[in-house]
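Protein chains in written order, with the UniProt record's numbering: chain A, 1 to 367; chain B, 1 to 484.
Check before you lean on any hint, since a few could be wrong.
Not everything, but these chain B residues come out facing chain A in the computed CB check (under 10 Å) [stated by the list, open to error]:
| id | residue |
| --- | --- |
| 1 | Ala-56 |
| 2 | His-154 |
| 3 | Cys-155 |
| 4 | Val-170 |
| 5 | Thr-202 |
| 6 | Arg-215 |
| 7 | Ser-238 |
| 8 | Thr-270 |
| 9 | Gly-272 |
| 10 | Pro-274 |
| 11 | Ser-334 |
Hints were generated in silico from the structure; no laboratory data involved. C-beta atoms are modelled at their ideal positions from N, C-alpha and C, and glycine is treated no differently.
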Amino acid sequence: MKTTTTLRPADLAEVRDAVRDTPGRLAVAGAGTAAGWAGDLDTVDAVLDLSALSGVITHNPGDMTVSAHAGTPLRALTDELAEHGQHVSLDAARIADGATLGGLVATGDSGPSSLVYGTMRDLVIGVTVVLADGTVARSGGHVIKNVAGYDLAKLLHGSHGTLGVLTEIVLRLHPVPQRAATLVVDAPLARAAELAARVLEGPYEPVALEWISHGSGQLLVRIEGTDEALPARVQRLQEVLDGGDEAADDPWLRHAELTRGSPEAAVLRIGARPSVLPALVADVAADAATVGLGTGVATVSLPPHAVAEAHGRVHAAGGTSQLRYRPPGADAPAWGPPPSALAVLRAVKTELDPDGRFGPGRFSPWM
Amino acid sequence: MALDDRVRTAFTRVLDPKDVLSDPVKCRAYECDGLTGYRVRPDLVLLPRDAEQVAAAVRVCHEFGVPFVARGAGTGLSGGALPVADGVVISLARLKKVLAVDPVNRRAVVQPGVTNLEITAAAAPHGLYYAPDPSSQQVCTIGGNVAENSGGAHCLKYGFTTNHVLSCEVVLPDGSVVTLGTDTAEQAGPDLRGVFLGSEGTLGITTSVTVRLLRTPESVRTLLADFPSVASAGDVVSDIVSAGIVPAAVEMMDTLAIEAAEEAVHAGYTVGVPAALVVELDGPVEECDAQFELVKAICEKHGCTRLHIAGSPEERAKIWKGRKAAFAAVGRISPDYFVQDGVVPRTRLAEVLDRIAGMGTDAGLRVANVFHAGDGNLHPLVLYSAAAGETERAERLSGEIAELCVEMGGSLSGEHGIGTDKACSMPKMFGEEDLATMHRVRHAFDPDGICNPGKVLPTPRLCGERPGKYKPHPLEETGAIERL
Ligand SMILES: Cc1cc2nc3c(=O)[nH]c(=O)nc-3n(C[C@H](O)[C@H](O)[C@H](O)COP(=O)(O)OP(=O)(O)OC[C@H]3O[C@@H](n4cnc5c(N)ncnc54)[C@H](O)[C@@H]3O)c2cc1C
Ligand SMILES: Cc1cc2nc3c(=O)[nH]c(=O)nc-3n(C[C@H](O)[C@H](O)[C@H](O)COP(=O)(O)OP(=O)(O)OC[C@H]3O[C@@H](n4cnc5c(N)ncnc54)[C@H](O)[C@@H]3O)c2cc1C
Numbered sequence: 001m002k003t004t005t006t007l008r009p010a011d012l013a014e015v016r017d018a019v020r021d022t023p024g025r026l027a028v029a030g031a032g033t034a035a036g037w038a039g040d041l042d043t044v045d046a047v048l049d050l051s052a053l054s055g056v057i058t059h060n061p062g063d064m065t066v067s068a069h070a071g072t073p074l075r076a077l078t079d080e081l082a083e084h085g086q087h088v089s090l091d092a093a094r095i096a097d098g099a100t101l102g103g104l105v106a107t108g109d110s111g112p113s114s115l116v117y118g119t120m121r122d123l124v125i126g127v128t129v130v131l132a133d134g135t136v137a138r139s140g141g142h143v144i145k146n147v148a149g150y151d152l153a154k155l156l157h158g159s160h161g162t163l164g165v166l167t168e169i170v171l172r173l174h175p176v177p178q179r180a181a182t183l184v185v186d187a188p189l190a191r192a193a194e195l196a197a198r199v200l201e202g203p204y205e206p207v208a209l210e211w212i213s214h215g216s217g218q219l220l221v222r223i224e225g226t227d228e229a230l231p232a233r234v235q236r237l238q239e240v241l242d243g244g245d246e247a248a249d250d251p252w253l254r255h256a257e258l259t260r261g262s263p264e265a266a267v268l269r270i271g272a273r274p275s276v277l278p279a280l281v282a283d284v285a286a287d288a289a290t291v292g293l294g295t296g297v298a299t300v301s302l303p304p305h306a307v308a309e310a311h312g313r314v315h316a317a318g319g320t321s322q323l324r325y326r327p328p329g330a331d332a333p334a335w336g337p338p339p340s341a342l343a344v345l346r347a348v349k350t351e352l353d354p355d356g357r358f359g360p361g362r363f364s365p366w367m
Numbered sequence: 001m002a003l004d005d006r007v008r009t010a011f012t013r014v015l016d017p018k019d020v021l022s023d024p025v026k027c028r029a030y031e032c033d034g035l036t037g038y039r040v041r042p043d044l045v046l047l048p049r050d051a052e053q054v055a056a057a058v059r060v061c062h063e064f065g066v067p068f069v070a071r072g073a074g075t076g077l078s079g080g081a082l083p084v085a086d087g088v089v090i091s092l093a094r095l096k097k098v099l100a101v102d103p104v105n106r107r108a109v110v111q112p113g114v115t116n117l118e119i120t121a122a123a124a125p126h127g128l129y130y131a132p133d134p135s136s137q138q139v140c141t142i143g144g145n146v147a148e149n150s151g152g153a154h155c156l157k158y159g160f161t162t163n164h165v166l167s168c169e170v171v172l173p174d175g176s177v178v179t180l181g182t183d184t185a186e187q188a189g190p191d192l193r194g195v196f197l198g199s200e201g202t203l204g205i206t207t208s209v210t211v212r213l214l215r216t217p218e219s220v221r222t223l224l225a226d227f228p229s230v231a232s233a234g235d236v237v238s239d240i241v242s243a244g245i246v247p248a249a250v251e252m253m254d255t256l257a258i259e260a261a262e263e264a265v266h267a268g269y270t271v272g273v274p275a276a277l278v279v280e281l282d283g284p285v286e287e288c289d290a291q292f293e294l295v296k297a298i299c300e301k302h303g304c305t306r307l308h309i310a311g312s313p314e315e316r317a318k319i320w321k322g323r324k325a326a327f328a329a330v331g332r333i334s335p336d337y338f339v340q341d342g343v344v345p346r347t348r349l350a351e352v353l354d355r356i357a358g359m360g361t362d363a364g365l366r367v368a369n370v371f372h373a374g375d376g377n378l379h380p381l382v383l384y385s386a387a388a389g390e391t392e393r394a395e396r397l398s399g400e401i402a403e404l405c406v407e408m409g410g411s412l413s414g415e416h417g418i419g420t421d422k423a424c425s426m427p428k429m430f431g432e433e434d435l436a437t438m439h440r441v442r443h444a445f446d447p448d449g450i451c452n453p454g455k456v457l458p459t460p461r462l463c464g465e466r467p468g469k470y471k472p473h474p475l476e477e478t479g480a481i482e483r484l
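Bound conformation, chain A alone:
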């Protein structure tokens, strides 16, 4: 096996030079927290390790924006932002493992609070990208409202390191809520779905509404607000839930754990209309699952041999799926049937990376 060079550029110019001066195929790596997501990486000539491209560039508390190098772990921003009562409202499980801003955008990751705040695509307001020919392109900017030009950040969102190297990312921030409360109701999935529907029909404004396969199942409902108002809201929520206790421990740690999955099982991420999701999760015979009853996004663990069929079922239900993890040596397809816009995806890839240098294999067999 040939040895792979690892390049550790520390600034934008070094990234550009590394891309220009290194012949052949390149893998882009952040912290390594999603190394196995999507398709298996083919052999590459070099790895662009972005961990040295790290740190805040500017934080404008009054504007509630921050720009940082793409190799910055999101959790490294927490202290700086918390000082001003702000945060990036993204709660993807792997942030705790050190996931980088670039990696989070490139994988299109999100957590339970995407119910209100959306995914990384909704929080990124500007990016700088290095293309395979060394072109350095910026789009967006430092203001939240901005419709000038094409939004290249969206293109990089979910690109899994195949279209360009993100070097700088500008994010919009939100205030850290004064207070948050999570109610936990023991309930199997079907019952949890009924309760969730009731919550969504009322004025409760949950920030997260998830079922987890913990014990015989638990519904987690999180609300956020002010010290003054929250207790009354918790009470109203308990009324509609016919109970529900405020969790003493942090149930979201269990949620994150289940989202990560275990080393023996394959992990599949599913998106489908919330009304069809519970039945779908039951159908794919998941061993463990977190199910977003408002978002329609579930993460399920299942035996690798069941992945191909699971992709098929999700697509038959009008949903989307992608593999997040396969146990070493296991054979499980990363992707299901291709999207209708495959030709556009390929055309975009050909325009931006005509020689297929970045992330070969990630979208196999689509491109």
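Got chain A; can you put chain B with the ligands on it based on the hints?
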């Protein structure tokens, strides 16, 4: 040179011949959008009746290399729907069906010609609404909103069109039909839906849009506050934000704008005060009440000279009427005006307004300000008299203001788009490599360059031309729409 007969015949094969307009008088109705200073009469206007006909028409364009421009309601303010010489306009006006409202999954599927407000009307019986609320919402179409990534006063809290569209069925410039986006935020691969949103009709035509619907908030509280200076009103905005409050809307008006609005609609604003703020909070009743007290205290701390709290939905509507009328009402205090749409970081509002005032004085022109203070989206109105020969000076000042916004770390446009109007200013905001990359993305979708060519990205031919002066949109004159 007109389109040759073979092309027209080909269109009449895929559309009902009476849906292919070639009469110059009829085609003239499509010669401009809301940016009325630019006009180009299209050779043909196509009025397809369904998505299949749109795709068939685009296939004809593709086959003959005919450029096409999609058109919704024609309220765009940047010349995005301006026809292309020797090209066709494809109007989506007849695709006006709400295809489905799904209260359980809180979404609606609509055809592109459905107006923004019709979506909310269809959702309302379920206690739901469509959040992005451009002030043209009574007439502008969801197709146009998708193309412009339109915003509105309440986008401060709820986000823009891009945050509320799950998927779009799109006819690509080669006539093929694809779906961009999915049923959820989860997507397999790059977010092509996100690229399409805000691409100003240059990457294809959307024929069906699936939007997210939100639950109507339980409580809404609105206040109108007067301030002794623009700076003190600006400080209130900053303090609200640093208190961790995310208001549904924060809007500001200056003396001139207040004067104009009050003269026009008598909404109860105080004529003569330097600045007024409209602040709105919404959400669960307990949160709204708690935070509203805080907002009142912040206003008082900054020397608010009058605080008016809407005591009923009618009073609330009245406050908004004044705010929304300001834009068009400026026509009462000046024979002509240009409207600008720049964005600056919120913390630089006071500084920028100061600079704009100075620039106005230097140019010998008045500038009225009405804007979305919460997100720094300015709409400076440069007042002038064409009859007095001030047009060129005003045009220059308006352009300089937009470029000042970029210099301040902001953007050329917050919601009206680049279109024809600002394509030539794009190099002020983006470098050559940025623009070249955007060209490559465009080329991936539209290799033949037939889809709304000349818009968004600068071309030498376009940048030789000069814009005309602002004229009120015909619908604005009738009062059907207002400008925010
Ligand atoms: C030091 C190091 C050496 C490695 N050596 C090899 C090797 O020799 N051979 C091999 O096959 N694999 C190697 N890998 C693993 C491989 O590079 C990763 O599987 C892959 O690139 C994923 O990145 P990640 O695991 O850091 O995950 P994350 O940082 O979470 O990234 C997840 C995804 O996002 C993409 N991504 C991350 N940051 C960016 C960014 N800034 N711009 C664009 N896309 C981005 C990644 O390419 C990946 O697809 C190495 C990884 C590291 C950290
Ligand atoms: C009085 C007034 C007030 C306004 N207030 C606001 C405001 O508050 N916020 C705001 O954001 N905007 C505002 N606007 C601007 C305008 O209303 C919006 O840009 C709106 O989204 C345009 O919609 P339309 O249907 O009129 O589109 P058009 O003007 O017909 O077209 C706009 C662009 O969209 C493209 N397009 C149209 N339909 C489609 C389709 N189906 N597929 C692909 N591309 C398509 C066109 O090619 C063009 O580039 C205002 C305009 C006026 C006149």
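Hints the structure violates: just list their numbers, smallest first. 1, 2, 8, 9, 10 and 11
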